[in-house]
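Protein sequences appear in the order of chains A and B.
With the first sequence counted from 1, adding 1056 to any position gets you my numbering.
With the second sequence counted from 1, adding 1 to any position gets you my numbering.
Quick caveat, the hints were computed from the structure, so don't treat them as lab data.
Quantities reported herein were computed from a predicted structural model and do not represent experimental measurements.
Glycine included, C-beta positions come from ideal geometry on N, C-alpha and C.
One thing to keep in mind: the hints can contain errors.
Quick look at which bits of chain B chain A covers, simulated, 3 or more residues with Cβ under 8 Å [to be verified]:
1) 32-38
2) 63-75
3) 292-306
4) 378-392
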Amino acid sequence: MASTMLSLASVSPSASLSTHETPKGKVKLGSSFLSLNKGRNNLFAKTESFGRISMVAAVNVSKFEGVTMAPPDPILGVSEAFKASTNQSKLNLGVGAYRTEELQPYVLDVVKKAENLMIERGENKEYLPIEGLAAFNKVTAELLFGADNPVIKQQKVATVQGLSGTGSLRLAAALIERYFPGAKVLISSPTWGNHKNIFNDSRVPWSEYRYYDPKTVGLDFEGMISDIKAAPEGSFVLLHGCAHNPTGIDPTPDQWEKIADVIQEKNHIPFFDVAYQGFASGSLDTDAASVRLFAARGLELLVAQSYSKNLGLYAERIGAINVVCTSSDTATRVKSQLKRIARPMYSNPPVHGARIVANVVGDPTLFGEWKAEMEMMAGRIKNVRQKLYDNLTAKDKSGKDWSFILKQIGMFSFTGLNKAQTENMTNKWHVYMTKDGRISLAGLSLAKCEYLSDAIIDSYHNVS
Amino acid sequence: MALSRKLFQHRSSVSVFGARSMSWWRSVEPAPKDPILGVTEAFLADPSPEKINVGVGAYRDDKGKPVVLECVREAERRIAGNLNMEYLPMGGSVNMVEETLKLAYGENSELIKDKRIAAVQALSGTGACRLFADFQKRFCPDSQIYIPVPTWANHHNIWRDAHVPQKTFHYYHPQSKGLDFAGLVDDIKNAPNGSFFLLHACAHNPTGVDPSEEQWKEISKKIKEKGHFPFFDMAYQGFASGDPERDAKAIRIFLEDGHLLGIAQSYAKNMGLYGQRVGCLSVLCEDEKQAVAVKSQLQMLARPMYSNPPVHGALIVSTILGDPDLKKLWLKEVKGMADRIIGMRTALRENLEKLGSPLSWEHITNQIGMFCYSGMTPEQVDRLTNEFHIYMTRNGRISMAGVTTGNVGYLANAVHEVTKSA
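One chain only, chain A, in its complex shape (with noise of 0.2 Å):
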């Protein structure tokens, strides 16, 4: 240690920075300019305790030196904000995170069962391969399209474990920035915030088509209809399987018809995001009708999938990514491309999320019982639900149609509230929820109902 300390004493400081010093005492490094704090400038501040230099603070100035603070996550930034706050009224109806009537995370039974099986039998935690554990890949497309479905039994799927919905996306982005360079995809206006993230990281380009109408917080379906249509040929179209995020708004059966009409005239990509198939209504089955619906036309088809709500599973990143191709020789290829981008993202998938699945839905037994608790945990919402319109109705002397609340489906209402609404709903009552106005109805007690009533009344007529 003590050769160390004089080695580095001698060792004059101009010598340690390579640098090209410029007349405004500014530095070179590589191609761009970094100043040099002057303070800094000399070096070998070092200081020593019990024969150990301490880190030297000064020699190198930082290649990220200019790298700037990143703006909170629109939607995990509120989770941050409402666990800072010290008011006792504080309500979370930010991230789509299941809640009990007592609003406490819920892990369901089913889960602890998997997971205390997996103890009993001792299972080695040895790597996935890249495309992640096999008995998963085969349950979750069997669980999408439904065990006899053609597809499934012409092995025309290419299925691949995924980092939850959000990693089955990225990997999808990949695929299509990889073999369909300059291709659109099309997303919903509005959509779930971190689709935009996801292409932009891709490179993947996007545009929007009207899919929210403010006028009757419903489906803008001819403006929806007109978008796909008017996109280039061959597009990829981003559509919510079930239970929209944000709005909470679907189409109608007929109206899925008329989108996929629309979509085959188009040559275009039907692309799914399928993050809460039996969360919208309780059935697993009339979830998936959509999807099932397309595949059903014998078009090809990418649908990410996700078991962060169905089952819970949020933290485990849980997902798939499923191709469905005209060959089984197409997907076998699909798949090894998919396997090629998730090597360099992370080499194989995490394993605990994809046993619990492979156990809760392969088992007949739990199976049945999963979709009790799903029926349970959709039950819930719906009375929620409910309440809340029950209560705006009552309190609100304006006559306001609140009627949107009922029609809409799933974790989310889109309450119409602006941006100046939504501020007032968190500064002034407390109600932490995201800047588009969407509160998570998860994250709401009937108990919290009448609350929350006279904190959106309030917001929606006093605030503009």
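Go by the hints and put chain B onto chain A.
Here is chain B on its own, set in the frame of chain A:
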């Protein structure tokens, strides 16, 4: 007439209303098999009872079985069933990250106390490297990465998919089967100032060749002179010598010399958490403010990739490292794994020498960590696979973790057979 014919032709190759006849994906070629993970796939498909897998770097016990550490089983018992699964923050488990930084930077590191380290939980070593590569691309867009020759194959994929141009630097010296120190230092000197250098902190993969302490000091000095950015991939802390503190020596030397470095850490091997994908990316900054900014940007990169990292493995890590008894047990188990590998190195070398091999095999015991760069050619490796059912990567890398007292004799025989006339 000609026009309508053209239209007709155009229409017939593009499907109109109704099912398409051609797939969107027809131009998708089958991807080449991953050179490392593809080996295991081939191994699993082989019905021969004599088969040996010395391909992928996953630890096996002396019976050739995967191992789940005792400390891990105990941690799992403690966390099973009674925990909610709420999303971790985008930066991952704070506890896990804190404990992980202590391992790399030192238990009582001033840098940790001064909050100068931007750190996030990552998807094991791969994920940590990828996050860093993306971060490098975003904030130093004109930079390139210097990668040692050879290196773990996936390093090239990672920086390529991050769109960061790659260069290489000399590392392995084939004649001595050791370090090409002169070549390495030369390449550091010749790289443009402010380049990024990828270094393996210990137990170099695939060669097992590590610089000595003196050589590390020299490397650190040369890198500092050029204002380069050192990025350490540390996937084997504890696994190389059996002592995590010793295995972090290179990093500590660089820290003492004042580098603002970055580190990718993985618990895949040293805690046997392979499939859980637990790791950490850290970037040492000038001060706390910068660290906060850098961390926020790392999170911005993670959000569109996977939103937030998986919790299970992180909980195991923080449970173990947060409990003094479990941590002691872990250190003991890591040493046990490292010792077994060192023992197998000795056994393999001795067996080859006893067989009267004309070649020198001292590199087997000179090298360190999970891998041995045998010096065998791809053709010789192919013979090992086809004639002897021994599976390894074609660069001649043997995963010593797959060697047991039961198979070391067979392995030595086979290696001798394919190399004796070399």
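Count residues of the segment 292-306 of chain B with a Cβ under 8 Å from any Cβ of chain A, then say if the count reaches three. holds (count 11)
Whether chain A covers the segment 63-75 of chain B (at least 3 residues having a Cβ closer than 8 Å to its Cβ atoms): n = 5 at 8 Å, threshold three: holds.
Can you confirm whether chain A covers the segment 378-392 of chain B, using C-beta to C-beta distances below 8 Å and requiring at least three such residues? Violated, because only 0 residues of the segment 378-392 of chain B bring their Cβ atoms closer than 8 Å to Cβ atoms of chain A.
If you look at each residue in the segment 32-38 of chain B, do at least three have a Cβ nearer than 8 Å to any Cβ of chain A? Coverage by chain A holds for the segment 32-38 of chain B (3 residues, Cβ < 8 Å).
The structure fails to meet hint 4 from the earlier list, while all remaining hints are met.
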